[in-house]
Amino acid sequence: AQSVTQLDSQVPVFEEAPVELRCNYSSSVSVYLFWYVQYPNQGLQLLLKYLSGSTLVKGINGFEAEFNKSQTSFHLRKPSVHISDTAEYFCAVREGTGGGNKLTFGTGTQLKVEL
Amino acid sequence: NAGVTQTPKFRVLKTGQSMTLLCAQDMNHEYMYWYRQDPGMGLRLIHYSVGEGTTAKGEVPDGYNVSRLKKQNFLLGLESAAPSQTSVYFCASSHRPWERDNEQFFGPGTRLTVL
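Listed in order, the protein sequences are those of chains A and B. My numbering numbers the first residue of the first sequence as 1 and each following residue consecutively. My numbering numbers the first residue of the second sequence as 1001 and each following residue consecutively.
Derived from the structure by calculation, the hints contain no laboratory data. Heads up, some of the hints might be wrong.
With a cut-off of at most 30 Å between alpha-carbon atoms, the simulated DSS-like pairs for lysine-lysine come out as follows [stated by the list, open to error]:
(1) K58/A - K1014/B
(2) K102/A - K1009/B
(3) K1009/B - K112/A
(4) K49/A - K1071/B
(5) K1057/B - K1070/B
(6) K102/A - K1070/B
(7) K1009/B - K49/A
(8) K1057/B - K49/A
Produce the complete structure using the sequences and hints provided.
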């Protein structure tokens, strides 16, 4: 069975500093990987996804993530954060194209950007 | 397009009461999902549907029932609410997994409190 680990429950960072949110997954088959963002009292919004091809994926709001198959990781990065990036970020994995297109989510990382 | 909408936004129930949460999508998606979100646990799949008239159990189905009588609607029912069902409930929908742009789109959530 697949699982997703987000080791950092909270990440504080100053505005304009770089940030990396870590995500590791376990799966015995090929996977598709996603990062979602949840702003306070809102639903989840897709930031970026890796389905195939280039291992460096660019998403919205200046975020990017790199798929590393050997380390089973899909870390999210942004070179310079803004106050508006304060939100909770979820990594998710889907196995293959069957099984109901189901996602398994990590427990989330709360990013808090401070002045 | 409204995307994915959920009704109601908030609800307070007493133990033992029943209620139905409504999810509607206008993107002609085949697949629909119900998740619950609890602090420190990420999102967990309750039930999902791969098409009109079909439903399947997810990770945490006990205490919930679902129906998909129309393609655009997915109902989540609680027959006898328990305090353990206090949570934020999210509905999502997607195209079929082998189709392009098959990520899940989320509704704004329903905050349910069971006293």
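Verification of the hints:
no.	hint	verdict
1	K58/A - K1014/B	violated, 46 Å
2	K102/A - K1009/B	holds, 24 Å
3	K1009/B - K112/A	holds, 26 Å
4	K49/A - K1071/B	holds, 26 Å
5	K1057/B - K1070/B	holds, 18 Å
6	K102/A - K1070/B	holds, 21 Å
7	K1009/B - K49/A	holds, 28 Å
8	K1057/B - K49/A	holds, 25 Å
Hint violations for this structure: number 1 only, all remaining hints satisfied.
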